[in-house]
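Participant: Here the protein sequences line up with chains A and B, keeping their order. According to the working numbering, the first sequence is numbered sequentially starting from 1. According to the working numbering, the second sequence is numbered sequentially starting from 289.
Hint data in this document are derived by calculation from the structure and do not stem from the laboratory. Any given hint could turn out to be false.
Unchecked claim - Where chain A lies over chain B, by a calculated footprint (3+ residues, C-beta under 8 angstroms):
no., region
1, 353-361
2, 390-404
3, 456-467
To be verified - Examples of chain B residues toward chain A, derived with CB under 8 angstroms:
no., residue
4, Lys365
5, Ser367
6, Gly370
7, Leu372
8, Arg373
9, Ile376
10, Gly482
11, Leu489
12, Arg501
13, Asp524
14, Leu525
15, Phe529
16, Leu532
17, Asn536
18, Met546
As the list claims (entries may be wrong) - Okay, derived cross-link-like pairs now, DSBU-like style, lysine-lysine, Cα gap no bigger than 35 angstroms in a straight line:
no., chain 1, residue 1, chain 2, residue 2
19, A, Lys122, B, Lys409
20, B, Lys423, A, Lys131
21, A, Lys98, A, Lys68
22, B, Lys477, A, Lys74
23, B, Lys409, B, Lys561
24, A, Lys57, B, Lys477
25, A, Lys57, A, Lys85
26, A, Lys68, B, Lys477
27, B, Lys357, A, Lys84
28, A, Lys243, A, Lys253
29, A, Lys107, A, Lys57
C-beta: ideal position from N, C-alpha, C; glycine also.
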Amino acid sequence: MFNSSAIQKLSVMAAKPQRFRHLAETTPLGAAAKKHRSLTTSAADSDPNPMKHAFSKYATYLNDLNDKRERVVKASRDITMNSKKVIFQVHRISKHNKDEVLEKAEKDLAAVMDQYISRLVKELQGTDFWKLRRAYSPGVQEYVEAATLCNFCKTGALLNLDEINASLQTLSDPSVEPLQINVLDYLLGLADLTGELMRLAIGRISDGELEYAQKICTFVREIYRELLLIAPKMEDSSDMKSKMDTMLQSVMKIENACFSVRVRGSEYIPFLGSEDTSFSWLGASNAE
Amino acid sequence: MKSAFRSAICTKLTFSFRSLNPTPHRSSLVLPPYYAAVYPGRPSTLTSMAGGESGSNTPPSPTVHTLEKQFEVFQHKLSDSGTLRERIRGVALEIESATRLMQSSLLLIHQSRPIPEVLEKANGQIVVLRELFAKLAEIISESPGQYYRYHGDWRSETQSVVSLLAFMHWLETESLLLHAEAEEKLGLKSSEFGLDIEDYLTGICFMSNDLPRYVVNQVTAGDYDCPRKVLKFLTDLHAAFRMLNLRNDFLRKKFDGMKYDLRRVEEVHYDVKIRGLATSGNSTAEQVDGETS
């Protein structure tokens with residue numbers, strides 16, 4: 001007896017999903033829901049049901065927000081791509097073409113600002129800077145990386161956040177809030193900068209420019225020391241933590257490269273030019 | 289031991305030295321730092337690698353100075369925002385405990401206590417919540433425009449609050465608590481410190497999770513009309529939610545869960561109906577629409 005009622009129940013329950021679908025399709029609300037799947041129409045507003053009316057407003061809100069977010073993400077991607085191009089350009093630096101390479105890099109950087117960042121500013125329309133931060137943060141970080149790299153190659157100094165933000169203020173309409181890079185994105189971009197500086201230093205060393213590399217080494221050490229104190233205070237600091245580890249690796253790579261040059265100094269004589277010829281190497285005579 | 293060390297290095301260096309440089313005695317070689325440390329008398333063009341600057345002992349350059357200044361400013365800013373965040377978390381925890389009190393009063397509804405009695409106790413917490421949200425609004429007003437910077441710190445608490453408020457509203461009125469009504473109940477204003485719409489919607493989804501359990505217990509206690517009412521409500525709600533274009537985030541997941549709640553309530557309703565237990569005669573499963581009361 002128990003079995004048959006259980007089987008009955010099971011067969012009844014098996015039929016239920018169809019009934020549910022039927023329900024959704026035949027009720028006026030179900031039909032209305034299907035019709036109003038995307039944007040609302042005036043038909044929804046005339047529906048006396050307040051729930052539907054309210055939800056059509058929520059739908060509009062969410063659609064607008066998501067569309068805006070999409071456009072911001074696209075703008076951010078463009079910024080990322082073109083900032084990376086600037087960075088590659090800077091890496092083309094060699095002993096003899098410094099000025100031309102930097103000049104082109106600066107021009108490209110200005111183009112990123114005029115074309116791509118301005119588009120981001122336009123899409124944000126002066127609002128939701130924090131709400132949509134995740135959408136545009138990668139682009140901004142990459143831009144900070146490119147701008148600080150160019151600035152270092154030109155002046156040997158760190159481009160300040162205030163300076164970057166001053167240049168951004170001109171981009172927006174005076175009636176809306178300008179985009180200002182916040183401290184967190186700036187610091188994250190700075191962390192990435194050290195990686196690029198490491199590449200630059202290694203490149204300069206193989207070109208024989210030991211002094212340039214050591215300037216980079218000093219600079220990167222300074223940044224690491226400062227960031228060490230700041231990193232734990234940054235919100236969602238897990239990002240920064242892994243960047244700090246990478247940064248230390250970069251610093252050590254530069255230091256090891258400089259060390260190798262010193263130790264194997266003789267290998268580089270033709271490039272560096274001889275300096276201290278009076279120094280007689282202790283070991284050589286003994287070993288012989 | 290020293291000499292063994294020395295000759296080991298010398299051999300190594302000699303080897304590289306010899307193999308590459310044809311004029312061993314005329315070149316300048318720079319000693320590695322440890323070597324210079326062991327034999328301090330050695331003249332060397334070596335600059336201290338372990339130290340900071342390369343070359344002379346000049347004072348830190350002006351560029352380093354501005355660098356330090358900038359980071360000092362950052363430190364202050366981040367310390368301030370860190371403190372702000374701690375204060376926010378403090379209030380958020382208080383909101384959470386007020387919510388728990390509200391929830392524990394509300395749970396009596398599953399034990400068939402009369403609705404007005406349960407609601408009275410729970411409503412008492414709303415005043416507390418209003419105060420707490422006002423406190424939050426005050427803290428945030430210290431950094432204008434940064435609502436969404438710290439939003440994550442009160443997001444889940446807010447969602448729980450909305451779900452309880454919506455459940456209470458339904459018990460009272462059998463209708464949905466709308467976003468504007470929820471905002472007003474908590475004393476929030478969208479122009480200043482508002483109720484985020486996605487938080488509201490997520491809270492509503494959480495409320496729907498509680499409905500099947502309520503229906504089951506009501507039927508057990510003898511209220512056979514409850515399933516019909518809840519089914520109608522939940523069907524309307526689900527249909528309204530389907531008007532939204534949700535992307536693949538947390539809200540979407542919660543909404544996907546709603547159909548299981550709806551199915552469960554429908555099963556209960558069916559069980560009651562098919563045994564002729566439902567008291568209100570003309571409501572069949574096919575007639576669940578806005579017209580029947």
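Participant: All hints, please: hold or fail.
Facilitator: Now for the hints, and whether the structure bears them out:
Counting residues of the region 353-361 of chain B whose beta carbon lies closer than 8 angstroms to any beta carbon of chain A gives 5, which meets the minimum of three for the stated coverage. With a cut-off of 8 angstroms between beta carbons, the region 390-404 of chain B has 0 residues touching chain A; three or more are needed, and the interface restraint is violated. Counting residues of the region 456-467 of chain B whose C-beta lies closer than 8 angstroms to any C-beta of chain A gives 4; at least three are required, and the coverage claim holds. Among the interface hints, the one on Lys365 of chain B holds; its C-beta lies about 6 angstroms from the nearest C-beta in chain A, closer than the 8 angstroms criterion.
At about 6 angstroms, the closest approach between the beta carbon of Ser367 of chain B and any beta carbon in chain A falls short of 8 angstroms, and the interface hint on this residue holds. Interface restraint check: Gly370 of chain B against chain A, minimum CB-CB distance 6 angstroms, threshold 8 angstroms, status holds. With 8 angstroms as the threshold, the beta carbon of Leu372 of chain B stays out of range of chain A, its nearest partner Cβ sitting at about 10 angstroms, so the hint is violated. Restraint check, Arg373 of chain B versus chain A: the minimum CB separation of about 7 angstroms is within 8 angstroms; hint holds.
This hint is violated: Ile376 of chain B has a C-beta 11 angstroms from the nearest C-beta of chain A, more than the 8 angstroms allowed. Against a cut-off of 8 angstroms between C-beta atoms, the interface hint on Gly482 of chain B is violated, since the closest Cβ of chain A lies about 12 angstroms away. Interface restraint check for Leu489 of chain B: the shortest CB-CB distance to chain A comes to about 7 angstroms, inside 8 angstroms, so the restraint holds. Violation of the interface hint for Arg501 of chain B is found here, the shortest Cβ-Cβ separation to chain A being roughly 19 angstroms, above the 8 angstroms cut-off.
Taken as an interface hint, Asp524 of chain B checks out: its beta carbon lies about 6 angstroms from the nearest beta carbon of chain A, inside 8 angstroms. Against a cut-off of 8 angstroms between C-beta atoms, the interface hint on Leu525 of chain B holds, since the closest Cβ of chain A lies about 7 angstroms away. The criterion of a C-beta within 8 angstroms of any C-beta in chain A is met by Phe529 of chain B, whose closest approach is roughly 7 angstroms, and the hint holds. The beta carbon of Leu532 of chain B is positioned within 8 angstroms of a beta carbon in chain A (closest approach about 5 angstroms), and the interface hint is therefore held.
With 8 angstroms as the threshold, the beta carbon of Asn536 of chain B stays out of range of chain A, its nearest partner Cβ sitting at about 11 angstroms, so the hint is violated. Look at Met546 of chain B: its Cβ only gets to about 13 angstroms from chain A, farther than 8 angstroms, so that hint breaks. Among the hinted pairs, Lys122 of chain A with Lys409 of chain B is inconsistent with the structure: their alpha-carbon atoms are about 50 angstroms apart, more than 35 angstroms. As the CA atoms of Lys423 of chain B and Lys131 of chain A are separated by approximately 21 angstroms, the hinted pair is consistent with the 35 angstroms bound.
For the suggested pair Lys98 of chain A and Lys68 of chain A, the alpha carbons sit about 41 angstroms apart, so the restraint of at most 35 angstroms is broken. The hinted pair formed by Lys477 of chain B and Lys74 of chain A meets the criterion: a straight-line CA distance of about 32 angstroms does not exceed 35 angstroms. The hinted pair formed by Lys409 of chain B and Lys561 of chain B meets the criterion: a straight-line CA distance of about 33 angstroms does not exceed 35 angstroms. Restraint check for Lys57 of chain A and Lys477 of chain B: satisfied, since their Cα atoms lie roughly 17 angstroms apart, inside the 35 angstroms limit.
For the given pair, Lys57 of chain A sits about 43 angstroms from Lys85 of chain A by alpha-carbon distance, which is inconsistent with the 35 angstroms threshold. For the given pair, Lys68 of chain A sits about 23 angstroms from Lys477 of chain B by alpha-carbon distance, which is consistent with the 35 angstroms threshold. Of the supplied pair hints, the one linking Lys357 of chain B and Lys84 of chain A holds, its CA atoms being roughly 29 angstroms apart against a limit of 35 angstroms. Taken as a hint, the Lys243 of chain A and Lys253 of chain A pair is honoured in the structure, with Cα atoms around 15 angstroms apart against an allowance of 35 angstroms.
Only pairs whose Cα atoms come within 35 angstroms are accepted, and Lys107 of chain A paired with Lys57 of chain A is rejected, the gap being roughly 46 angstroms.
Going down the numbered hints, you'll see the structure goes against 2, 7, 9, 10, 12, 17, 18, 19, 21, 25 and 29, while the others check out.
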